[in-house]
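Student: All chains, please: the whole structure from these sequences, using the hints.
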Amino acid sequence: MIHIKMPLTEETILRLKAGDMVELSGTVYSARDATHKKFFDALENHEAMPFDIEGQVIYYMGPTPSPPGKIIGAAGPTTSSRMDSYTPRLLELGLKGMIGKGKRSMEVRESIVKNKAVYFVAIGGAGALAAKRIRKSQLIAYPELGPEALYKLEMDRFPLIVANDSSGNDIFELARKELNR
Amino acid sequence: MRTVRLEKIIETVEKLAIESCYIAKKEMTEKIDNALKIETSDLGKHVLEKLLENAQIAEKEWIPYCQDTGVAIIFVELGEEVIFDSPGFIDALNEGVRRGYKKGYLRKSIVNDPLRRENTGDNTPAIVHIKLVKGDRLRIKFCARGSGSENMSKVKMLKPAEGWEGIKSFVLETVKEAGPNPCPPIIIGLGIGGNLEKVPLLAKNALYRGIGSEHRETFYTEKEKELLEEINNLGIGPQGMGGRVTALEVHIEEAPCHIGSLPVAVVIECHAHRYREVEL
Ligand code: SF4
Numbered sequence: 000m001i002h003i004k005m006p007l008t009e010e011t012i013l014r015l016k017a018g019d020m021v022e023l024s025g026t027v028y029s030a031r032d033a034t035h036k037k038f039f040d041a042l043e044n045h046e047a048m049p050f051d052i053e054g055q056v057i058y059y060m061g062p063t064p065s066p067p068g069k070i071i072g073a074a075g076p077t078t079s080s081r082m083d084s085y086t087p088r089l090l091e092l093g094l095k096g097m098i099g100k101g102k103r104s105m106e107v108r109e110s111i112v113k114n115k116a117v118y119f120v121a122i123g124g125a126g127a128l129a130a131k132r133i134r135k136s137q138l139i140a141y142p143e144l145g146p147e148a149l150y151k152l153e154m155d156r157f158p159l160i161v162a163n164d165s166s167g168n169d170i171f172e173l174a175r176k177e178l179n180r
Numbered sequence: 000m001r002t003v004r005l006e007k008i009i010e011t012v013e014k015l016a017i018e019s020c021y022i023a024k025k026e027m028t029e030k031i032d033n034a035l036k037i038e039t040s041d042l043g044k045h046v047l048e049k050l051l052e053n054a055q056i057a058e059k060e061w062i063p064y065c066q067d068t069g070v071a072i073i074f075v076e077l078g079e080e081v082i083f084d085s086p087g088f089i090d091a092l093n094e095g096v097r098r099g100y101k102k103g104y105l106r107k108s109i110v111n112d113p114l115r116r117e118n119t120g121d122n123t124p125a126i127v128h129i130k131l132v133k134g135d136r137l138r139i140k141f142c143a144r145g146s147g148s149e150n151m152s153k154v155k156m157l158k159p160a161e162g163w164e165g166i167k168s169f170v171l172e173t174v175k176e177a178g179p180n181p182c183p184p185i186i187i188g189l190g191i192g193g194n195l196e197k198v199p200l201l202a203k204n205a206l207y208r209g210i211g212s213e214h215r216e217t218f219y220t221e222k223e224k225e226l227l228e229e230i231n232n233l234g235i236g237p238q239g240m241g242g243r244v245t246a247l248e249v250h251i252e253e254a255p256c257h258i259g260s261l262p263v264a265v266v267i268e269c270h271a272h273r274y275r276e277v278e279l
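Residue numbers (numbering that gives the first Met the number 0), protein chains in the order written: chain R, 0 to 180; chain Z, 0 to 279.
Don't read these hints as lab results, they were simulated from the structure. A few of these clues could be false.
List time: in silico EDC-like cross-link candidates among lysine to aspartate or glutamate, alpha-carbon distance up to 16 Å [unchecked claim]:
hint	chain 1	residue 1	chain 2	residue 2
1	R	Lys131	Z	Glu60
2	Z	Lys102	Z	Glu10
3	R	Lys69	Z	Glu60
4	Z	Lys49	R	Glu22
5	Z	Lys175	R	Glu22
What the simulated footprint calls covered on chain Z by chain R, stretch by stretch (three residues with Cβ under 8 Å from a Cβ of chain R suffice, anywhere in the stretch; the number is not a length) [to be verified]:
hint	stretch
6	51-57
7	62-74
8	173-183
9	236-245
10	265-272
Note that the structure is predicted; figures quoted are calculated from it, not measured. Glycine residues also receive a C-beta, built at the ideal position from the N, C-alpha and C atoms.
Tutor: Quick look at the structure:
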C-alpha cells in the first residue's frame, strides 16, 4: 500500500504505476456531468473557474444527502467515461488527477501521459466505505445542482487503485494481457 | 375479497426502499465471501475485501451501501380478489418511494424529461409492473437500480437459427464491452423469447428471482452454469482489473415467441443488487 498526500508532486505522479494500491489523503474536488458542463460554460464565457484547478484532483462523485450531524452520505465513484470529452482540456489547464470508476478514452489516456497526470479508480459501489474516509466536505459552488454541486473534500487514507499512469499503462489492458499469457 | 389499506402500501414501500439501500442482502455478502476464496488476483481479492467491509460499514454506521440509490422499480403481484380502501394504488407506491428516499437520505436521481432533464426532487416516478394473479395475494418487490449497470444492459433480436450459441456470444460480448462499468462482480438476468417489449422484462424478472436460486428446469439450469463459467473465463475480474470472479450468478427466464424471432435481453446487475420483497 502506497500512501500519498495532496497536492501531488511530479515526483509522486511519476512514481505511481498502473495497478498500485494507494491511500490518498488531503483535498480533492467532487464534480460529475453537470458540474463539468458548468466548468466549460465558465471557460467559454472567459469567466474564472470556481476553484484553481492547477495541481488539483477531481473526484467523479455525487453523494447521497448527508443526514444531520454527518459529514457526507455514501460517496463512491461514478463512471468516468462520461467525463472523457471534458478531461483533456482540464488536464491542459493543470489538473493533475482524476478519481472515478471504469476505463478512459484513448484521448484521455494520451492527455494523461502528455500532461504527466494520473487516473485512479475508487472501488465502484463502495459508497459507505468511501464516506468513512472523508473527513470534511464543503460546498464550493453550484448548490442548485444538488448531488452534482462542487464540493471540496478532505480525504483521509482514501483507498484507490492507479488505473492510468503517466507512462501510458492502463490497468484494464494489463489485466487482459495477463489473461492471454 | 380482501381489503388492503393504501396507507399500508405506502409504509411498506418506504420501508423496503430504505432497507434495500442500507443493508446488503446476506446471500449477497456470502457470495462475495465465497468468491474471495476462489479469486486468485491480488487486486481482485483487495476489491472483494473492500466490498465486504463496505457492507459492514453501511449497516453498522447507517450509510447507504452505494451512493447511486437508483431508479425505483416496483414489481407487484396483485391477486384478483384484492381491493383497496380508496383509489390511487400507483400514487401510493410513488408516495412510498417519496417518503423512503426522503427519510432514508437516499439520492434523488430521476429527471422529469429525458431531454429537458430537471430533477423531480423526490426520486419519483417509480417504474411499476403489475401482474394480475389468482386469489387474494399481494406481493410487492422493491428494487433500486443504478445507472452504471443499467446502461450496460442490452436487447437484441436474433435470428432463430443463431440459437443458444448466438445468445451466448451476445451475452459474452455485452459483458466484455461493459468491462468495469457495471461494478463487477455482476449478476446476469437473461431474458429469452417473448417479443421486443417483453424480453427485457423477462430478464429483469430473472435477475430478481433470488440469489442462489436455480431455474425450475434442468435444461436451463445447465445453460445458466455453462454461461456463468464462460463469463468467468473472460478474466474481467472484480472491478474489471483482472481475475477469476466476474459474475456470481446467471438467471434465465424464457417465454414462448414467434416462429420468426429470437429476442434476447441481457441485464447486467452490480454487486449492490438491492431489492426486498414482502407479501401483504
Ligand atoms: S453500478 Fe451499482 S454498485 Fe456500481 S455505482 Fe452503480 S449502483 Fe453503485
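Student: Sort out whether Glu60 of chain Z lies within 16 Å of Lys69 of chain R, counting only the CA atoms.
Tutor: It holds: about 10 Å lies between the C-alpha atoms, which stays within 16 Å.
Student: Does Glu10 of chain Z sit within 16 Å of Lys102 of chain Z, going by the straight-line distance between their CA atoms?
Tutor: holds (12 Å)
Student: Take the stretch 236-245 of chain Z, compare each residue's beta carbon with every beta carbon of chain R, and decide whether three or more fall closer than 8 Å.
Tutor: Contact hint for the stretch 236-245 of chain Z vs chain R: holds, 6 residues under 8 Å.
Student: Are 3 or more residues of the stretch 62-74 of chain Z near chain R, judged by a Cβ distance of less than 8 Å?
Tutor: With 7 residues in contact (Cβ-Cβ under 8 Å with chain R), the coverage given for the stretch 62-74 of chain Z holds.
Student: For a C-alpha distance cap of 16 Å, please report whether Lys175 of chain Z and Glu22 of chain R respect it.
Tutor: violated (29 Å)
Student: Counting residues of the stretch 265-272 of chain Z that have a beta-carbon nearer than 8 Å to any beta-carbon of chain R, does the count reach 3?
Tutor: holds (count 3)
Student: Tell me whether the statement that chain R covers the stretch 173-183 of chain Z is true, taking a Cβ distance below 8 Å and needing three residues at minimum.
Tutor: holds (count 4)
Student: Compare the distance between the alpha carbons of Lys49 of chain Z and Glu22 of chain R with 16 Å, and conclude whether the hinted pair is satisfied.
Tutor: With a Cα-Cα distance of about 13 Å, the restraint between Lys49 of chain Z and Glu22 of chain R holds, given a limit of 16 Å.
Student: Is it true that the CA of Lys131 of chain R sits at most 16 Å from the CA of Glu60 of chain Z?
Tutor: Roughly 9 Å separates the two Cα atoms, so the pair holds.
Student: Do three or more residues of the stretch 51-57 of chain Z come closer than 8 Å to chain R, measuring C-beta to C-beta?
Tutor: holds (count 5)
Consistency note: the structure conflicts with earlier hint 5 alone.
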